[in-house]
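Colleague: Below are the chains, spelled out letter by letter.
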Amino acid sequence: MREPQLNPSPSPGDAVHATTCYMCACRCGIKVWTLEGRIRYIQGNPDHPVNRGVLCAKGSAGLMQHYSPARLTRPLLRVGERGKGEFKEIGWDEAMAIATSWLAPIRARNPDELAFFTGRDQSQALTGWWAQQFGTVNYAAHGGFCSVNMAAGGLYTLGGSFWEFGEPDWDHTQYLMLWGVAEDHDSNPIKLGLGKLKARGAKIVAVNPVRSGYGAIADEWIGIRPGTDGLFAFALIHELLRSDRIDLDYLVRYANAHWLVVRNPGGADDGLFARDLDGNVLCWDRERGAVDARAVDTTPMVVGEYTLPGGRTAVPVFQLLAERYLDPQYAPDAVSERCGIPGDTIRRIARELASAAFDSKLSLPIAWTDAWGREHATMEGRAVSMHAMRGISAHSNGFHTCRALHVLQLLLGAVDAPGSFRFQPPFPKPIPPGNRPGKARRADGGLDSTPLGFVHAPEDLVVDADGQPRRIDHAYSWAYPLAAHGMMHTMIRNAWAGDPYRIDTLLMFMANMSWNSAMNTSETMHWLTDTFEDGEYRIPRIIYSDAYASEMVAYADLVLPDTTYLERHDAISLLDRPISDADCASDAIRHPIFDSATQPTDDGRPRDVRGFQTVLLELGARLGLPGMVEADGAPKYADYADYIVNHERTPGVGLLAGWRGEDGSLEGKGAPNPHQLQQYIAHGGFWHSPIPESARYYKMANRDYLRWAHGFGFVPNEQPIVMQLYSETLQKFRLAALGHGAHQPPDEHRTRVATYFDPLPIWYEPFEHDQTSRETYPLSAITQRPMHMYHAWHSQNAWLRQIQTRNALFVHPDTGARYGLAEDDWVDVDSHHGTITVQVRFAGNVQPDTVWTWNAIGKRRGAWRLSKDAPESKRGFLLNHLISDVTPKGDYANADPVTGQAAWFDLRVRIRKSDATADESAPQFAPLQFKPAPDHPLRYGAKSRNHEHPSKTSTDDTLP
Amino acid sequence: MTDLPPPSKKKLGLVIDLDTCVGCHACATGCKQWNSGGMAGPVTDEKPYGKDPAGVWFNRIHAYELEQVPATPEAPAQPAMTLHFPRSCLHCETPACVTVCPTGASYKRASDGIVLVDEDKCIGCKLCSWACPYGAREYSEVEGVMKKCTLCVDRIYNENLPESEREPACVQVCPTRARHFGDLGDPESKVSKLVAERGGLPLLPELGYAPVNRYLPPRPRRAGGDDVAVAEDTTTEATPKRWLDRILRR
Amino acid sequence: MHPALSVIFFTTLSGAGYGLLFWTAYAVLCGQGQPRALLIAIAVSVVLSTIGLLSSLWHLGKPARAWRAFSQWRTSWLSREGVASLATFVAAVALAATLLPDLMDGDARGTMPSFDWTGRGIAVLAMAMAMATVFCTAMIYASLKPIPAWRHRLVPTVYVLFALFTGGLLDMVIRGPDSSALLLILLAAALWIMKVRYWRAIGAALPATRGDAIGLPGRTATVFERPHTEANYLTREMGFVVARKHAKWLRVASVALFAVIPIVLLAPVIVPHLHSMPLLVVAALSALAGAFVERWLFFAEAKHMVTLYY
Ligand SMILES: Nc1nc2c(c(=O)[nH]1)N[C@H]1C(S)=C(S)[C@@H](COP(=O)(O)OP(=O)(O)OC[C@H]3O[C@@H](n4cnc5c(=O)[nH]c(N)nc54)[C@H](O)[C@@H]3O)O[C@H]1N2
Ligand SMILES: Nc1nc2c(c(=O)[nH]1)N[C@H]1C(S)=C(S)[C@@H](COP(=O)(O)OP(=O)(O)OC[C@H]3O[C@@H](n4cnc5c(=O)[nH]c(N)nc54)[C@H](O)[C@@H]3O)O[C@H]1N2
Ligand code: SF4
Ligand code: SF4
Ligand code: SF4
Ligand code: SF4
Ligand code: SF4
Ligand SMILES: [Mo]
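Protein chains in written order, with this note's numbering: chain A, 1 to 960; chain B, 1 to 250; chain C, 1 to 310.
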């Protein structure tokens, strides 16, 4: 018999649009193929520097996200009680008029009464600037509850950080240590990199209480006890020091190992760097004595005690470092018990690290010139790299642990050397970066600087004359001085409590704050709806922009519906969260592939939604905010696209770095180019500029790099960046706490600041571990991101939710046996803060004193237009109900004392078999009043199949 | 059509590297996406927003725990492991899924060995799905016909795609590049060499289906022995003084 | 395996129908029986196998295309079954046709005319085709390597014997008891023994481990996470599990229904003149019910190799 005729060459579609994925913050390049106005398929863009053609599960499911029935369709005004989800539809004119009428008086009265918080921080370049123009200090994006420990730990130490701002040298590393990484924002780049390492046979070590995902393919799994990585790192440092397997040449060349620290106990200068009269930091030259530490061709001492001209004593940074970490308390056997890692393993890992760094003799034949003009024929490598994420940062000791890892890297000479961790432009930046948080008001009502920035010293804090917080989230206060990303997780409680003052309107964007991004979710819902005795809401007004019918939508008074990511302009800007890699600077755009009016949901009516950025600019214009109106009061920008192209932050610098200058011939800096967006589109939606080959390593002290980076405005000058093993910034806070200087903490914070502002990394028990009984709450409880879902977004994604509609609590079988549990049993899980009832599953791939679950799978009933009996709400659950937003003592936020980072993973619990005859998870809440989505089967693609492969199948592929 | 053609020289198939797969489901979803509008579309979904959503997937990703293995004279001990395992059609050389088909809807291509379903002939008797030991056949209740992996036959020869993209969707998307596509009938092909080099294995060969796809087993884990005698001295505590004589140049 | 009622109906009813046809044709061959009763028996057998076939169409996604199923008899037992059932249908009609003249002669209640060779040939053909069809049905299952329980060597025999047994009972109900009662008792006993042996045999684990299934023979694997949290076609169709204690109870019920009760009820029939039609009817219904339960278990207890993955 004959084989049937096939069409081996169907057309992939009748049009293709290159843009940027936004199924997560990784921001890969995609090509969206359409056929007769509907998506045929989405592919990874092979030319794109981020993903090089690959596409993760979320990216592929973007199609179902775009067609989701949970999409919002028009502006909504609350009619029922807040939190019920009852709204009436209104037009945009009315919505904008309402928003303006709420915000204008605030702006006139006291701009700080507007709290503007954005969850996903993709448009910070705009939103932060907008907040600045509005004049409120109360602005933040999601970094504070996400990974600011990682950002700050890195930026205050290396001038760059893990997170998505640096990467292992995937092509050369021989040894990769992954510390607490499940997914990261660098989702596809990490996977691509791991694939490369695997292909080369490099060793991967996963330090993680759970062995899944990346840990599954690691050569070695170190099932550490949560919160103890700092100790483990110190033990490794101890071993490297003890066996003298460290790179001292590197440390004096690129770090501050030789800088002299004044030793003057009790003095106002104790612990500060010794400086000459011109302010130059000093070091001790073997022959010449005290000399400029930044000078070259010196022979600096790294140990010893020296008397400075003028009589003060000082010791090199390294002396302090070695003294501290050679202490027997950090010996492998001393930390082994607490970390749950055998001493022999720690010693072996230290040996392996040193061997990968020093014995691999990696050297790239690339000539380069250092920042001092000295030429080098080769680039000497250190084939050991590290990457870390929230397993490190989401603890209350995360800032110091992150710094500990950086110190470990530095001792190995493994920062931006071939084979090691590498900076991605615009990093490295000066340490700390120059921009300080805005806090003073200009004459036009705006702030002197954007609300988020980097504190250099106590005088930069955003506190009042009494040292009390000036921000609603208490960021940059004495309680959380280096809260560089703000503190989203404290804002709602404080707004409810009026601490330090009452706000009028809460404006939120893309943050599911009544659910998976809240700590203490149940009470958060209460705070959002609580009223004074007179019936007025304690948080008077809430404006929220979301694209989907999320849990948070129900808590808004005014809902501004956003478009999907395929219907609007976006800028992925170097001023924001860049997508560069270690070899290239890059930025990118999104542009509308569809007009949202032509993309109805199941109600069939044209959707009337607008990109939030455009709405924000229009609101700004209606409010007459500086920079958003012309002299005659007319709006300055037609829409966000106009802003992307024409707005200049400083002359020649705008949101996009590519195709600048009137004719598009410049990059980095240049006048606005009216055709810039078209040029981006023509080039696949992104721009990238390779770093010159001679400038790709040792960026902190590579002349070609610094020159190149300066040209782009990434660094303020071409001075080398000296990495800070010892942080004088921290010491300044400690001195203030000890009673020195004009800016001192209020008494209640003194001990805390003095304790946690140690200029060298320290380790302490995570607060919840110490403040609860180890007997009562013997287990750690943590979450991990599933690779196929992004937080709350993908719950209504028809494809992704088939992979997972519910989560269980994973328990080690031995632990399960200890508590008399069987697989699939319902258990009550208690923390000091609350109880949840959930189902358990046994899995041996977890540290036995740790239980864990997938993050953000549990959904509130009725949310996302899922049916009321959807497993997401019936059986799925959030660990968040157990996570308190304050410490067990109740004195501070459940956060890192340095940066204010939310300590999600400090959670301690106990489990017991549930006596209730449970068949659903608890707690449950009243269902939201969203109409369930139609539940007829999906035949997506039937039409395009028949278009190219004529068949007897019907062509009806209508989607709700 | 359910007669098997004489064995083809060309044996197209996938090679999946279990050493590298992180279980991200990208291949499963990428497959669903391409095929929804492709030759095997629609790849239907039932109760998409309801209580028990279920749909057709040509590729499903399992996750297992492997128990540790004690050392043997030949091989060192292996620790317990977590393993991700993508499962799709293996395009067997002698597949009963084809021969059991009463209608001729199931067939194996003579030219390249790809096993396909002609949905216009299929009566939806499901027998082929019973005959496949690997669970690679997926019945669509909505369409009433059997569906399965096509090895992206509408991509791999597709002249409308750039040559570099003429590979299955699951291979194209795989972020760790754990999936490889090629001619396993040609010992000189990249995939055959990879299989030779890494000891790629067919699944359940004893059943006689002669799968074409190969799985590359995880490489032995290299935790390194903790018992290695530590040569360094542990008696004298090092002090910072030891670096006093170190001459460093800046 | 998921016990689809349509398929279970199909196999039990059509089996009984073909068995009935077999015995009827045998009677014709031996020149026994009255043409009218024989004709009724043939009609009943055709109706039963047709109901069976129709109910099996229920199981199809595209019943309208069922005709295509006759095309692949060279390789497919399902196709062969289709062809065989068609041929059996033709043989049954031919057999009826050979009886028709006698019926016309008004001698329908009379004794059997002796047939010519054509008539005998047709009878032999009908017997052969009926059993061939049942054998083909059995081989659909018995040929499936991924389902070891169905590969058991007793499966075709049990299918054929069940057809003969249930068909024989129906034959007796339609045409009255005769000496074959003893044979039926023996068949019931044989099936009882065979099923017990079969059930014992399928208790064994699948012939491969999960380690083998994932290409890592020698490694012990446990499921960490399934690909999809909810059920899908595969887990519903191949992953059906019947609780052990239910299975045990159902086995007992099935043996009681198809063996114990019929044997008890048939025993008196052996003694001439000691029979009662109502008891025979009960025996036949009981046997059919027992066969039904047996068939249900045949599916429900069969483990598909794909379950190794889950
Ligand atoms: N237990 C536990 N809780 C955690 C974490 C944890 O590890 N464990 N992680 C924390 C971390 S790091 C983070 S970042 C937060 C994340 O928490 P959130 O920032 O709240 O993130 P999402 O759940 O992604 O929700 C953001 C909202 O964005 C909406 N959205 C999606 N696309 C668009 C769009 O195009 N436009 C608009 N306007 N809205 C859109 C979604 O509908 C959703 O309501 O969760 C935190 N919560
Ligand atoms: N697919 C997908 N990708 C995402 C997201 C998503 O929701 N889905 N979210 C994005 C966001 S907002 C963020 S912030 C990033 C976060 O990226 P990650 O930080 O990679 O994500 P988490 O899931 O928080 O991973 C934390 C990991 O740390 C481990 N861990 C917990 N405590 C400890 C500890 O004390 N020590 C060590 N060593 N490990 C520990 C956990 O087991 C887990 O593996 O991912 C981003 N990428
Ligand atoms: S990692 Fe996936 S979801 Fe995130 S941007 Fe890339 S393709 Fe999209
Ligand atoms: S894997 Fe299954 S469906 Fe694919 S060819 Fe082999 S037997 Fe057939
Ligand atoms: S379901 Fe379709 S393809 Fe499978 S055996 Fe039946 S007719 Fe053939
Ligand atoms: S080859 Fe194509 S059809 Fe088969 S699993 Fe991969 S993507 Fe799916
Ligand atoms: S895409 Fe690649 S890494 Fe991800 S599950 Fe599939 S094979 Fe594994
Ligand atoms: Mo995050």
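If you're looking for bench data, these hints aren't it; they were derived computationally from the structure.
Heads up, a few of these hints could be off.
[Unchecked claim] Dumping the calculated EDC-like pairs for lysine to aspartate or glutamate here, alpha-carbon to alpha-carbon at most 20 Å:
# : chain 1 : residue 1 : chain 2 : residue 2
1 : B       : K10       : B       : E167
2 : B       : K51       : C       : E230
3 : A       : K943      : B       : E141
4 : B       : K121      : A       : E3
5 : A       : K931      : B       : D52
6 : B       : K241      : A       : D285
7 : B       : K51       : A       : D869
[To be verified] Not everything, but these chain A residues come out facing chain B in the computed CB check (under 10 Å):
#  : residue
8  : S9
9  : I42
10 : K191
11 : A257
12 : V303
13 : A322
14 : W372
15 : G373
16 : Y537
17 : N845
18 : P937
19 : R939
None of these values were measured; they are calculated from a predicted model.
Using N, Cα and C, we set each Cβ at its ideal position, and we do this for glycine too.
Colleague: None of the hints should be skipped; say for each whether it holds.
Modeller: Status of each hint after checking the structure:
1. K10(B) <-> E167(B): holds (16 Å)
2. K51(B) <-> E230(C): holds (9 Å)
3. K943(A) <-> E141(B): holds (18 Å)
4. K121(B) <-> E3(A): Roughly 12 Å between the alpha carbons, so the hint for K121(B) and E3(A) holds.
5. K931(A) <-> D52(B): holds (18 Å)
6. K241(B) <-> D285(A): Satisfied, since the Cα-Cα distance of roughly 16 Å is no more than 20 Å.
7. K51(B) <-> D869(A): holds (6 Å)
8. S9: holds (4 Å)
9. I42: holds (7 Å)
10. K191: holds (3 Å)
11. A257: Hint on A257(A): holds, closest Cβ of chain B at ~9 Å, below 10 Å.
12. V303: holds (4 Å)
13. A322: holds (4 Å)
14. W372: Given a least distance of 9 Å, the restraint on W372(A) holds.
15. G373: For G373(A), the interface hint is violated, since the closest Cβ of chain B sits about 14 Å away, which is over 10 Å.
16. Y537: violated (32 Å)
17. N845: holds (5 Å)
18. P937: Hint on P937(A): holds, closest Cβ of chain B at ~5 Å, below 10 Å.
19. R939: holds (4 Å)
Hint check: violations occur at hints 15, 16; the rest are consistent with the structure.
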